[in-house]
Structure formats: structure tokens, C-alpha cells
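Chemist: Start from the sequences, fold in the hints, and give me the full structure.
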Amino acid sequence: MNNSTEIEGLIFNIQRDSTEDGPGIRTTVFLKGCTMHCPWCHNPEGICLSPELVWFETRCIGDGDCIKKCSREALIRTRKGVVIDRNRCTVCGECAVVCHAGALEVLGKKSKIDDVAATILRDRVFYEKSGGGVTISGGEPSLQDDFSAALMRLMRGEGIHIALDTCGGMSWDILGPLVELADLILYDIKLVDEEKHRQYTGIPLEMVLDNARKIAEINKPMWVRTPVIPGYTDSEDNIRRVARFIVSSLPSVDRYDILAFNSTCTGKYHRLGRSWELEETNPLSEKAMEKLAAAARNEGLTFVQWSGLTRSEVQSEE
Amino acid sequence: MANTSGVPLAREEVSDDSYLPERIKKFKDRLASAVYRLDLERVRYYTQAYKLTENEPSYIRAAMGLEKTLTSMTIRIEDEELIVGSKSAVAWGDPIYIEASVNHPHIKLALDMYGSGKSVEEALEGMGGGGLGVENAAFLRELPNISEEEYSELAKEIIPYWKNKTVEARRIALWEKEGVITDRKAIASYGNPVGWIVTDHPPQGHLTVGIKKVLDMGFAGIALQAEQKLEGLKGQAESAKAAKDFWESVLVSAQAVCSFASRYAALAGEMAQKANGQRKNDLLEIKERCLRVPMEPPRNFMEALQSIWITQVVALISYGGSSIIAPGRLDQFLYPFYRKDLDTGRITREQALEALMEYYIKLATNIYFGPNNVTIGGIDRDGEDAVNDVSYLFLDVHLRLKGCMRNGLAVRISPKTPPDFLRRACYTYRYAGGVALYNDDVVIRDLLFDGYSLEDARNYSIVGCVEPTGTGNNNGYTATNGISLMALFEAALNEGGRYVSGWKPIGPATPPASSFETFHDVKEAFIKQLSSAVDECVRAADLKDRVIADYYPLPLLSSTIEGCVESGKDITGGGARYNHGCITNGSLATVANSMAAVRQVVFDQKLLSMEELVRRLRNNFQDAENLRRQMLVIPKYGNDDEYVDELAVWITSAYNQEVRKHKFWMGGVYRPCIISVATHIAWGASLGASPDGRVAGAPIANGISPANGDERNGLTALFASAAKVCSIPMSDGTALNVILNPLTVRTDEGLSKFVSLIETYFALGGRQVQFNPMSRETLLDAQKNPERYPDLNVKVSGFSFRFIDLTIKVQNDIIARTEFCVT
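From first to last, the protein sequence lines are chains R and W. With my numbering, letter number 62 in the first sequence gets 62, and the count goes up by one each step, no holes. With my numbering, letter number 612 in the second sequence gets 612, and the count goes up by one each step, no holes.
Treat the hints with care, as some may be off.
No farther apart than 20 Å at their CA atoms in a straight line, the calculated lysine-lysine pairs in the PhoX-like style are these [to be verified]:
| # | chain 1 | residue 1 | chain 2 | residue 2 |
| --- | --- | --- | --- | --- |
| 1 | R | 129 | W | 724 |
| 2 | W | 51 | W | 156 |
| 3 | W | 244 | W | 569 |
| 4 | R | 80 | W | 784 |
| 5 | W | 416 | R | 129 |
Keep in mind that the hints were calculated from the coordinates and are not lab data. None of the values given here were measured: they were computed from a predicted structure.
Modeler: The following block contains the structure:
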């Protein structure tokens with residue numbers, strides 16, 4: 001840690017004017033790589049711990065410069081556009097450099113910590129007015145714990161409010177120090193069912209719940225969040241179990257958010273060359289979300305909110 | 001100041017018309033479905049009056065024209081109306097100000113359409129105006145038929161008489177004499193080769209009518225004021241002749257307004273005789289109000305509203321329905337009446353709301369140019385918070401009517417403004433566009449820079465699109481004469497030549513681009529072009545202004561403006577307390593992006609020579625699509641990127657200096673302004689390819705907004721960029737247009753965050769911002785034509801997406817939730 005300014009992180013997005021990742025106006029830093037592999041993941045480009053190449057159909061002008069440039073013949077022109085042969089592609093990024101239309105993009109850039117910090121600090125006044133700050137998210141930020149810790153220290157020095165957005169799927173040895181550095185933890189509890197949790201996320205439920213308890217023990221403010229995924233996490237029973245766990249074990253929780261599923265990320269899966277089992281899934285109705293929120297409130301939580309894109313009234317009637 | 005604040009409306013009340021009072025719903029529907037008709041009455045009566053007064057002074061002729069019109073024109077009281085008065089004999093038409101030009105769009109259209117089988121599109125094409133016509137011709141719901149009589153009256157009586165007498169004809173003659181310009185056609189429209197334009201319309205732009213004076217004194221009081229002045233003249237020498245003429249014209253005009261109101265009183269009385277029940281009472285009350293106002297000061301809320309409306313009507317009749325006459329700070333004017341009526345039980349909040357809705361719908365009948373801004377909020381003359389219950393009422397009116405045509409609500413925000421007022425103003429974006437937010441701190445600073453007193457600066461109103469002026473104390477003259485910065489930048493790269501002139505030199509011969517050795521040389525050539533265009537524009541405008549002052553003064557309007565009756569001069573001759581000229585422009589982002597692109601590829605990266613770049617531009621990037629794409633990804637204004645923002649500030653500053661170098665001929669300053677209504681389309685059509693990657697003919701950026709779709713880093717970055725530009729005193733206003741997905745402010749939490757964004761933008765020194773909620777129509781169109789919306793971003797659950805990158809199914813979900821109504 002002598003030379004912290006040399007530290008680089010693998011980042012797939014820095015989103016300014018971010019309004020759904022904690023209080024106020026924030027800048028969210030998305031770190032690449034995750035310990036879980038939930039089938040519903042909304043940021044599939046955040047799962048893999050190395051850069052990935054994607055092709056945007058709507059931006060492509062079809063000049064073929066990328067294909068000519070690729071020395072490994074990993075780009076193939078088809079009737080459906082440019083297809084990336086991911087077995088050949090080394091994600092060298094040369095094609096993206098020659099594509100001035102921006103149709104090819106490497107997701108995940110090695111970024112120097114000072115540059116990341118400078119971008120975050122540009123919106124300092126907006127944080128001050130709105131009670132916002134920076135959110136370290138991912139992926140799972142603890143997978144790049146050196147970078148995350150260094151960035152959080154820098155931000156502490158600047159007096160910027162820090163939220164750490166974690167799935168909890170990491171040993172406390174690594175996660176704990178990051179939690180210490182944060183002002184607020186955005187904590188995902190997706191499912192309270194040992195078997196299903198392990199099946200869907202690849203991580204034992206106990207680890208997630210244990211980490212949550214430890215965060216509560218040191219009195220760190222927490223917002224718990226549950227993504228409501230049809231067929232996976234959307235049963236009233238599941239929401240009740242999460243709520244019960246919060247009531248019984250997490251006194252430092254300020255808020256419980258249930259987040260309605262949407263399929264806006266379908267295109268991302270396609271661009272990564274993957275199909276997605278949820279792409280045909282409909283959004284939930286407002287009523288269903290209200291019902292889940294009510295179920296959580298019935299367990300004694302007073303700070304339950306739901307958000308996200310829901311089915312319109314018209315669609316509900318269909 | 002105490003307030004009861006807006007009662008929050010239930011979602012249904014806003015999104016469902018059935019919650020509007022029946023009467024209001026009818027008015028709204030009537031307006032929305034009215035069909036445009038040519039209205040020749042004003043032209044007819046003014047022509048008659050001018051023919052009869054050939055040897056009279058200009059002041060008297062103008063007053064006689066008004067008197068003839070106000071006493072002769074058709075008047076009517078519509079079913080269920082409580083506030084009466086109409087500027088036109090037809091439901092959807094404008095009184096035409098023929099004095100400016102016989103090429104008025106309505107006249108051109110009428111002549112063009114007569115006996116022709118043209119389509120609406122062809123008709124609009126024929127209107128010319130370089131795009132302005134097309135943008136503003138939304139009023140053409142179907143093609144107007146004009147009768148043979150109307151055609152023959154226009155062709156035989158009206159046009160032959162005015163042909164050589166209009167402002168346009170006289171200033172062209174004067175310009176030729178003074179050698180201003182050789183190609184007189186060149187400056188007739190936006191997008192012309194010279195890169196600057198003047199307007200022949202009174203009052204050389206737009207202004208706030210002196211509502212406060214009318215409420216305080218009544219037109220009888222104004223007439224008395226003029227009489228006393230005339231009295232004081234007795235026995236004085238001939239030298240005061242002009243003042244005498246002016247005061248006489250004020251007297252005639254003020255009396256004509258009083259008789260106009262009396263005609264409405266008489267009509268209401270007549271109608272009452274035939275009416276029964278509630279309507280009979282209503283008509284009798286209308287009669288009583290019209291007997292009282294605007295002759296005398298109003299005694300209650302309804303009289304005040306009637307007085308305000310009829311004053312607007314006569315102002316529009318007097319100077320033509322195509323002018324933009326703003327009423328100013330109506331919440332300030334109306335509050336004392338509202339408070340008193342409320343306290344004495346004369347009116348309820350609901351009744352006042354309904355009356356204001358009726359007024360607001362009437363205000364939306366300005367059909368050729370819009371919008372009509374009502375100013376609310378802000379601080380008062382003493383610097384104290386001025387928000388009151390009527391300010392909230394106007395927000396509710398706007399919300400309930402979901403905006404109204406192109407009416408704009410200019411909402412002033414100061415550090416003293418109650419937080420819930422700003423919140424309420426932002427709340428309107430859930431359901432309607434049309435609210436613009438102004439930062440008192442910055443606007444007042446700018447106005448002080450123009451020479452306004454602190455008290456008068458604090459009392460500013462918004463007129464036209466976004467232009468701040470004093471309230472009822474100045475000559476207006478906002479957003480008028482203009483230059484196109486981008487046209488001048490094009491000339492700077494082409495030795496004064498322009499795409500639209502076939503690269504023939506129009507501006508001064510600056511050195512060829514091939515000789516530019518440093519980026520500084522580029523800037524220098526631009527300054528030379530800019531300086532020369534502003535000089536020419538000012539010289540041409542001065543001559544044109546003198547034509548207006550000599551031939552077409554504005555006695556009625558002047559009589560309401562502080563300083564005029566006092567000084568014996570009207571507003572076209574420098575009689576107002578404050579006088580200022582204006583030169584506007586609107587393509588800031590395109591020029592800044594283009595300069596940044598030149599700097600990067602030619603001077604920083606040395607990818608190609610200046611000469612080659614210019615050649616590529618002249619060829620419209622033919623066979624150089626890759627170069628163009630490269631230019632497209634060079635930093636763009638609106639993303640908080642210093643590389644280009646610094647240039648945007650430099651351009652604004654250079655433009656500010658060039659404009660402010662000139663003194664206005666009436667005294668006072670020339671004010672700079674950065675807006676575009678549709679001019680960015682017209683100017684864009686006349687421009688070759690630009691270094692920012694824009695192809696020839698494509699629109700340029702609008703106001704101080706980023707070029708189309710260039711904002712990629714969210715609102716915080718956009719505001720940071722814009723705030724830098726706002727540090728330069730563009731006192732005649734700047735427009736920052738932002739497309740907003742109404743879903744962003746759907747929840748209370750989302751709304752709170754949105755409000756804090758605005759607060760921060762203003763704390764950073766942003767001047768103004770207006771949000772155009774993305775409509776369903778836009779989204780549907782983007783779905784169908786993705787190529788036209790490369791950078792349409794939608795925010796869903798905090799994530800920004802390029803709309804066209806989403807799958808159709810997801811797009812449909814978003815469309816279904818975007819229940820926006822933008823009329």
C-alpha cells in the first residue's frame with residue numbers, strides 16, 4: 001500500500017448522476033468480477049473478472065474495419081452482423097480502437113485510482129446538496145479489495161460519503177475491512193433458503209447471513225435489498241423470511257428495499273454472446289410489489305420501500 | 001410570507017381530464033380543435049385609418065389605427081366565458097401587423113393558398129422563414145380557405161397600399177442608400193449567407209406590457225396622465241411637438257381601450273337580457289367588470305384578472321398577434337386581490353384556480369409565435385421571498401391543464417424560495433412540460449450588468465422564450481437581431497466564404513486555413529468574422545430601428561411602460577426607463593465541439609493538416625466516414641470535459657465582448673442572448689459539414705444545450721458544463737433544454753433527488769433550465785426510427801440506457817409507463 005496511487009482497478013462503468021444506489025445523488029463505481037453467479041444478474045458484464053468484448057448492432061456502420069484489423073480472425077461477418085468468436089478473441093481491443101462508430105467496446109478497463117477519484121470528485125457539490133456520495137459496487141467490490149480499500153480511504157480523506165454495495169459472498173477477513181471503511185452498506189439478501197441460495201448464487205446462505213450479522217454488530221448503517229425475480233425470489237414467503245431475519249438479527253438496518261425485476265439487461269446478455277433464461281419474463285405488477293412490501297411490513301419492518309419498473313395498468317389487464 | 005402551499009393533487013386529478021371543471025374542459029377542447037382562419041380585420045381598419053391620415057404625425061396615425069380597430073372589430077362573448085376579450089374576430093387567428101412587412105406568414109400563406117390545391121406540407125414549404133414557419137405552423141391543423149373577397153381585398157387594397165411603406169420596405173431602401181448590404185434578399189431569413197439577421201417586428205422583439213401600471217391607474221388614469229402633460233405644454237414652443245403628438249396619441253389609445261371594454265360591457269348586457277338563471281348573473285357580472293376595468297383600477301380578483309387579460313388583448317391587437325407580449329409577474333400583481341377576496345369570503349381557492357385556468361387557456365391563443373410566459377416566484381424589490389399563494393395556484397393551473405399549448409411558466413428560484421415551492425414546480429414534470437426554472441442570483445447579477453437598478457433587477461420578468469427584462473419599464477427588444485456563431489466559424493475556416501454562398505467570400509477575407517500555424521490562428525480568424533458580423537448587424541439594426549421610430553411608434557404599449565408618458569417619448573424612441581438592444585445566437589455547442597475537434601486532430605494529434613480538414617468538410621466527409629466518426633468521439637460540450645468546455649466559455653466570452661462593445665442607439669447597452677427556437681434547424685440547413693462530425697445541412701445545437709444527444713454523463717456533468725458558460729453575463733437569456741424521462745421523478749424520493757440537482761445547478765451558477773419530458777410519441781418514433789435517436793437515453797431504476805440498445809419488449813414496457821402528455 002506504499003504506492004497507492006499506482007493501484008489500478010478493473011472497472012466496467014462509472015456512473016455519475018446515479019440515483020438508486022444509496023441516498024442522494026451519487027457516483028457509482030462498478031468493479032468487474034463477482035463471487036456469485038445469479039441467473040437473474042442485472043449486470044452480467046460485472047460477473048467475469050477479466051475484460052470482455054461486445055458488439056452493438058445499432059451502432060455498427062458495417063465498414064468491416066474491425067474484421068480486417070483482427071489478427072486472430074475472431075470477428076466474423078454474418079447476416080446478423082458481426083459475431084465474436086470468443087474462443088479466438090483475446091480481448092486485445094484493437095478492433096474497438098479502429099471502430100470509430102463505437103460499435104465494438106471492451107467492457108472492463110484498467111483504471112488508475114487517481115483518475116477514478118478525480119471523476120468521483122467532480123460531482124462533490126451535488127453530493128453535498130443532496131446528501132449523496134460515492135457507491136462502490138460491482139460485481140462484488142471485495143473481489144478487488146485492495147483497490148476498493150484504497151479508493152475508499154481516498155474518499156474518506158475527501159469527506160465523501162461512501163456506500164459499499166456488496167452481495168456478502170466473501171469471507172469476513174476480506175469484506176470486514178471494507179465494511180469498516182464505508183459509511184453505509186447496501187446489502188443484498190436475495191433468498192433465505194439454504195438450498196436454493198447455494199443452487200442459484202453458488203454461495204452458502206450462512207456466509208451471507210453471518211456477514212450481515214457482523215456488519216450489524218459493529219453498528220454499521222445498512223440498507224438491505226432484495227431483487228424480486230419472478231420464479232426465484234418473488235414469493236411472499238421469501239420476502240417474509242428476509243424481513244424476519246432483519247427484525248431478529250440486524251438492528252442497524254435503516255431501510256429495506258425490494259427491487260422489481262426488469263429485463264432491460266437482455267441486450268447485455270446478447271452482446272456478451274449469452275442467452276438469458278429471463279428475457280421473456282414480464283415485469284411484475286404494481287399490486288404484486290405492494291403486496292410483497294406489505295408482507296415485509298407485517299413482520300414489523302417500518303422502512304420498506306419498493307421501486308423499479310412495473311407492468312403498466314394496460315398490460316396488467318391483458 | 002405565509003402561504004398555504006399547493007394542495008397536492010391526486011394522480012388521477014392530474015392525468016384525467018374529467019377532474020377539470022366542465023367549463024374548463026370545454027375551453028381546452030375548443031382551443032385544441034379550433035381551425036385556423038385568416039383574420040383581416042386589423043389590417044383592414046389600420047389600412048383605412050392610415051389612408052385617412054396621410055399627413056398626420058406617425059404617433060397620431062398609429063393611435064387612429066388602433067382606435068378604428070378597437071371600435072370596429074368583431075367582438076364576441078363565448079358560451080360560459082367569465083373573462084372576456086379576444087384579439088381576433090376568429091377563434092383561432094391572429095390580428096396581422098402589416099406595418100412590419102407584407103410578407104407576414106399569414107398573408108403569404110393566404111395568397112399562396114388561394115385557389116391552389118396545395119397540401120399542408122407544400123404550403124408550409126412556401127412560407128419560407130427558413131424553418132421558422134414550419135416549426136411554428138402547428139396552428140395549421142388544416143388548410144385555410146380564403147374567400148374571393150378576402151383574396152381580392154388583400155391583393156387589390158391592402159398589399160398595394162403597404163408595399164413600399166412597411167418597415168421592411170423602408171429599411172431595405174435605407175440600407176441600400178447607406179450601403180449596408182448589396183444583396184437585400186440575403187438577410188430576409190434565417191440561414192442566410194451573411195450569418196446575421198434583423199427583425200422588422202415591433203417592439204423589435206418581445207416585451208412585458210406594463211400590467212402593474214394599468215392595475216394601479218387604469219387607462220383612465222393613463223389618459224389623465226397624458227392630459228396633464230398636454231396641459232403643462234400650453235404656451236410652449238414648437239420644439240415640444242413630438243412630445244405633444246405622443247401624449248395625444250396616448251390619450252387617443254387609452255380612450256380607445258376604454259371604449260373597447262365598454263363594447264364588451266354592452267354586449268354582455270344585451271346577452272344577459274336573453275339569458276336565464278346563473279348565466280344571466282354571470283353576464284351581468286361580466287358587464288359590471290367591463291364597465292370598471294381596465295378603465296379604473298380593479299377592486300377584486302376577478303376584476304384584476306379581467307383587466308390583465310384585456311390589456312394583453314389590446315396590446316396584441318395593437319402590435320399584431322405575432323408579437324410576444326408577456327404579462328410579467330402575475331402572482332405579485334394578483335396576490336393582494338386574492339388575499340382580500342379570500343379573507344372577505346368573496347372567492348374560494350377553487351374558484352380562483354378555475355378563473356386562472358380560464359385565463360391560462362386564453363393566453364395560449366397566441367398562435368404564430370409562442371410561448372407566452374407568466375413569471376412567478378423569486379424575490380421582491382426589497383430582496384425578500386416573494387412566493388405567495390397565487391404562485392402556487394399558477395403551478396396548479398399548469399399541472400391541471402398539463403401545460404397548455406405552448407404557454408410557459410417561468411418559475412423564479414432564489415435562495416430564499418421555500419423548498420416546497422421548488423419541489424412543487426419540479427413535481428409538474430411528472431405530468432407536463434413547459435415549466436422553466438430561473439436562478440434569481442444569476443439573472444439579477446446579469447441585469448445589474450446591463451444598468452438596471454438593484455430593485456428593478458430583482459423585479460425582473462421573463463419574456464419571449466427565456467429572456468429576462470425589467471417588468472413594465474423597458475423597451476423589450478429581446479431575442480431579436482441575431483447572428484449564427486456557427487456560420488461565422490465556417491467563414492473563419494473558409495476565408496470568409498460560406499457553404500450557402502458556394503464558398504464565395506461573404507465575411508472579411510481572413511487568412512486561408514492552410515496558413516493557420518497554431519490553434520490561436522483559428523481563434524483569431526473566428527474573432528474577425530464575429531466582430532465584423534456584429535458590427536454590420538448593429539449598423540443594420542440601428543437603421544431599421546429608426547424606421548420603426550419614425551414611422552411606426554407604439555403609443556398604446558408605451559403608455560403602460562414606465563418612463564414613456566413621463567418623458568414624452570415612446571418605447572421605439574428611447575422613452576422607457578431602460579433601453580437595450582439585443583443580438584442573439586444559438587449554436588454554442590456546435591461551435592465549441594467544432595473548435596475542440598480542430599484543436600485535437602490538427603494541432604494536438606496532428607492527424608491531418610488544416611488544409612485537408614477543410615477539404616474534407618467542403619466535401620461533406622465524402623469517402624471519409626471514418627474521419628467523421630473520429631470527429632464524433634472527440635470530447636463534446638455537456639459532459640463536464642474541460643477540453644471542450646473551456647472553449648465553450650471562451651466563445652461565450654468573445655461573443656459577449658463583441659456584442660457589448662456596441663452602445664444601443666437609444667442609450668443603454670446591447671445585450672447578448674443564447675437561444676434558438678427553430679433557428680438551429682434553419683441555420684443548420686445553411687451550413688456545410690462541421691468539424692464536430694455533423695454533416696452538411698443537419699441541425700446545429702440549440703441554446704446552450706449540448707448538441708443533439710451529446711450528453712452522455714448524466715445531469716450532474718451537463719449542469720457542470722452549462723454552469724461554466726453561465727458565468728458570462730448573457731443578460732438577454734440562455735436556454736438549456738434537457739429531455740427528461742418523467743419516470744425519474746415518479747417517486748417522492750426521485751423527486752427529492754431531482755430537486756437537489758436543480759439546487760446544485762443553481763448553486764454552481766446556472767442561469768436557467770427547462771425540462772422537456774420525453775413523450776410517448778418520441779419513444780414510439782425512436783423505436784421505429786432508431787437511426788434518428790442515437791443518443792436518446794432513458795433512465796430506468798437509476799441506470800441510464802440508450803433507448804435503441806434495449807430490446808423491443810423492454811422498450812414497450814418503458815413506453816407503456818411514459819404516460820406523458822405534452823401538447
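Chemist: So which of those numbered hints doesn't the model satisfy?
Modeler: none
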